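Using the sequences provided together with the hints, build the complete structure.
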Amino acid sequence: MRGALLIAKKEFLELSKDRKTLFFVFVLPFLLYPAIFGMVAKMGKRDADQNRNKASRVYLVDPSGALTGLLKADPKHFELMPRPEGDVKQAIRDQKLELAVEVAPDAAEALQKQQTFTITATQDESEHTSELALKRFREALRPQEKAWIQNRLQVLNASPQLAEPVKLEVKNAADTALEVGKAMGRMLPYLLMIMMYSGSMQHGIYTTAGEKERHTLLSLMATRLPRNQIILGKLLYIFSMGVIAALLNLLSMALSIPSIAGGSGSQGALGAVAAIANPVTLGLTFLIMVPLGLFFANFILLLGVQAKNTIEAGSAITPGIFLVIFLGVFTMMPGVEKMSFLSYVPVVNVCLALRKLFSQQSNWLEYWVAFAMTVGLAGLMTFISTRLLNREKALFNA
Amino acid sequence: MIRLDEVHKSFTVKDRKTRKPKRIDAVRGITLQVKPGEIYGLLGPNGAGKSTTLRMIASLMDPDAGRIEVCGLDTREKPEAVRACLGYLSTDMNVYGRFTPRELLRIFGEFQSVDPVVAERRGLHLLEKLDLADFADVKMEGFSSGQKQKVSIARALLHDPKVVIFDEPTTGLDVLTAKTVLDLLRIMRDEGRTVIVSTHVMPMVEEICDRVGIIFDGKLHGDAPPRDLLRSRNARSLDEVFFQLAAETEGGN
Chain L
1 MRGALLIAKK EFLELSKDRK TLFFVFVLPF LLYPAIFGMV AKMGKRDADQ
51 NRNKASRVYL VDPSGALTGL LKADPKHFEL MPRPEGDVKQ AIRDQKLELA
101 VEVAPDAAEA LQKQQTFTIT ATQDESEHTS ELALKRFREA LRPQEKAWIQ
151 NRLQVLNASP QLAEPVKLEV KNAADTALEV GKAMGRMLPY LLMIMMYSGS
201 MQHGIYTTAG EKERHTLLSL MATRLPRNQI ILGKLLYIFS MGVIAALLNL
251 LSMALSIPSI AGGSGSQGAL GAVAAIANPV TLGLTFLIMV PLGLFFANFI
301 LLLGVQAKNT IEAGSAITPG IFLVIFLGVF TMMPGVEKMS FLSYVPVVNV
351 CLALRKLFSQ QSNWLEYWVA FAMTVGLAGL MTFISTRLLN REKALFNA
Chain W
1 MIRLDEVHKS FTVKDRKTRK PKRIDAVRGI TLQVKPGEIY GLLGPNGAGK
51 STTLRMIASL MDPDAGRIEV CGLDTREKPE AVRACLGYLS TDMNVYGRFT
101 PRELLRIFGE FQSVDPVVAE RRGLHLLEKL DLADFADVKM EGFSSGQKQK
151 VSIARALLHD PKVVIFDEPT TGLDVLTAKT VLDLLRIMRD EGRTVIVSTH
201 VMPMVEEICD RVGIIFDGKL HGDAPPRDLL RSRNARSLDE VFFQLAAETE
251 GGN
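As you go down the protein sequences, you meet chains L and W in turn.
The numbering of the first sequence is the UniProt record's numbering, which starts it at 1 and goes up by one.
The numbering of the second sequence is the UniProt record's numbering, which starts it at 1 and goes up by one.
Since the hints were made in silico from the structure, they are not lab data.
Note that the structure is predicted; figures quoted are calculated from it, not measured.
Positions of the beta carbon are idealized from the N, C-alpha and C atoms, including for glycine.
Incorrect hints may have been included.
Cβ pair distances, simulated, as ranges [said to hold, decoys possible]: (1) W/Asn46 x L/Leu31: 47 to 55 angstroms; (2) L/Thr318 x W/Lys20: 40 to 48 angstroms; (3) W/Asn46 x L/Leu5: 36 to 44 angstroms; (4) L/Leu28 x W/Ala246: 54 to 62 angstroms; (5) W/Lys20 x L/Phe383: 29 to 37 angstroms; (6) W/Lys17 x L/Pro226: 33 to 41 angstroms; (7) W/Lys17 x L/Leu287: 48 to 56 angstroms; (8) W/Asn46 x L/Met332: 34 to 42 angstroms; (9) W/Lys139 x L/Leu28: 21 to 29 angstroms; (10) W/Ala246 x L/Phe326: 58 to 66 angstroms; (11) L/Leu5 x W/Lys20: 24 to 32 angstroms; (12) W/Ala65 x L/Leu388: 49 to 57 angstroms; (13) W/Lys17 x L/Leu191: 30 to 38 angstroms.
In structure tokens form, the structure reads like this:
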């Protein structure tokens, strides 16, 4: 193992001499995520504030005046607009209006006769401001509607409770930690996989096909180090870079949470993240990351060393990221966790185990099956790598 | 000591025209012996099998048949031990541009299990001999091919190997640097090391080699001291011997 460690040390030393790569690997994540998340959160907050403080522009057609007073009484939320030129729907699509409300001409009469009248609301579901206008209208209408019902019941000398046979009280069984945990459980395996794969990809190409291309691999092979130690050293380096990239990116994202929480005003998010980030969850996450990272590193190593040059290696290794993205997205889909056979599908089972771990639904058997399968697979891949890459054809194929 | 006994090596390549695998016999039954304190020159045209032979001696490739012994060790059975006792340099090798020569030699000293203090001292000594000491702490990215070759030579000799294998060591070097390399080879011979060199440069072979072997089509011809070879072939230079052998090989084929 000494030889493998020496090779890995050489790779890290070589990396340490490249300031630009060091910056991109170790510094950029700490600047990028807070900057991106901060900017997105700030823009989101500004947009939300603007919408909250701005009255919705409503074109109201109410010949009998049944609802005009109601909307006029709330100028903070509704601004009644004159009829737009041309088509009303087009005016909403063009965002000249947020909502058009058409009340039946006989509304006042229907109210008096205790009959039903129709209100037609036209909105643009694709626009948040239009959705908000409809929500405001519903909220304004609800107490008015209740008042009308109560009046009718009074006329009939009936109990006000007649219109309300049941009261539904909703209690949330999930605490904030569980809600955030479920969201993170969906996202985290996906992020981990992408970061580990992409983090090790370029370094893998550089240290395998790159060494062949630069004609430096032969000088390593001419030393007394056994060939399998050279291969293992490179594997160790590729794996370490993947894990480092994943951990740094995640850490940077975690550090960006205050800016998101601050931006959206949800201070509880911080506490929730702190609640799920317990040592056991994080420890088990890291534990299963190790064989998964080794699996990826082996995949990259195998393709990298067999390639003649960096272009060929890049062309072979890059499509792997699409596979990783696909698997990640697939495991994020709702209902996937209920497909029990997926617990025996490599890589997918790691995502599912992590998802359940963060959702507080951990199934220990599933976790350890995923762990054992990934360890076995990584071990098998390492064995195949060292055997295949020992071949003269792979090493001299440049 | 280097000993090759009926060594064979072949490769399978794909014929682009017929799309069928084609067997190429790169080395066909080479037998030779190089003693300590001797420089052996291996000559031959491109693709004759020189580099393959040297790679097999350096235990970077295994022979298909036959046996190779270096420092009394079988290259197939003890490849790591063989590489520990030899220094190998070839034109296919390059240096790590991000490192300085001092850093590179320190790293390779670790690979070859040389004590760091000894590696530092020996490395600097070699760089001085090769007239590169002033560049010991300069990144090699901007080095000329000659400077890189000098660093590669220092790297190959860092662990004080008993056997030295140089595959075309003066390729791309200017006259002065080439002379430095030749002087170094002579010193190594005088120190009692076993040296084997492959080259195209005939005057160099005549000047420093104690014995010469010419490879044509994977076979070794004329394994003898240069003067004996000239006498036996009634030739005035090794170039002439080379052309005679080329004509014979073509005629034979």
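Results for each hint:
| no. | hint | result |
| --- | --- | --- |
| 1 | W/Asn46 x L/Leu31: 47 to 55 angstroms | holds, 53 angstroms |
| 2 | L/Thr318 x W/Lys20: 40 to 48 angstroms | violated, 32 angstroms |
| 3 | W/Asn46 x L/Leu5: 36 to 44 angstroms | holds, 40 angstroms |
| 4 | L/Leu28 x W/Ala246: 54 to 62 angstroms | holds, 59 angstroms |
| 5 | W/Lys20 x L/Phe383: 29 to 37 angstroms | holds, 32 angstroms |
| 6 | W/Lys17 x L/Pro226: 33 to 41 angstroms | holds, 40 angstroms |
| 7 | W/Lys17 x L/Leu287: 48 to 56 angstroms | holds, 55 angstroms |
| 8 | W/Asn46 x L/Met332: 34 to 42 angstroms | violated, 57 angstroms |
| 9 | W/Lys139 x L/Leu28: 21 to 29 angstroms | holds, 24 angstroms |
| 10 | W/Ala246 x L/Phe326: 58 to 66 angstroms | holds, 59 angstroms |
| 11 | L/Leu5 x W/Lys20: 24 to 32 angstroms | violated, 45 angstroms |
| 12 | W/Ala65 x L/Leu388: 49 to 57 angstroms | violated, 24 angstroms |
| 13 | W/Lys17 x L/Leu191: 30 to 38 angstroms | violated, 50 angstroms |
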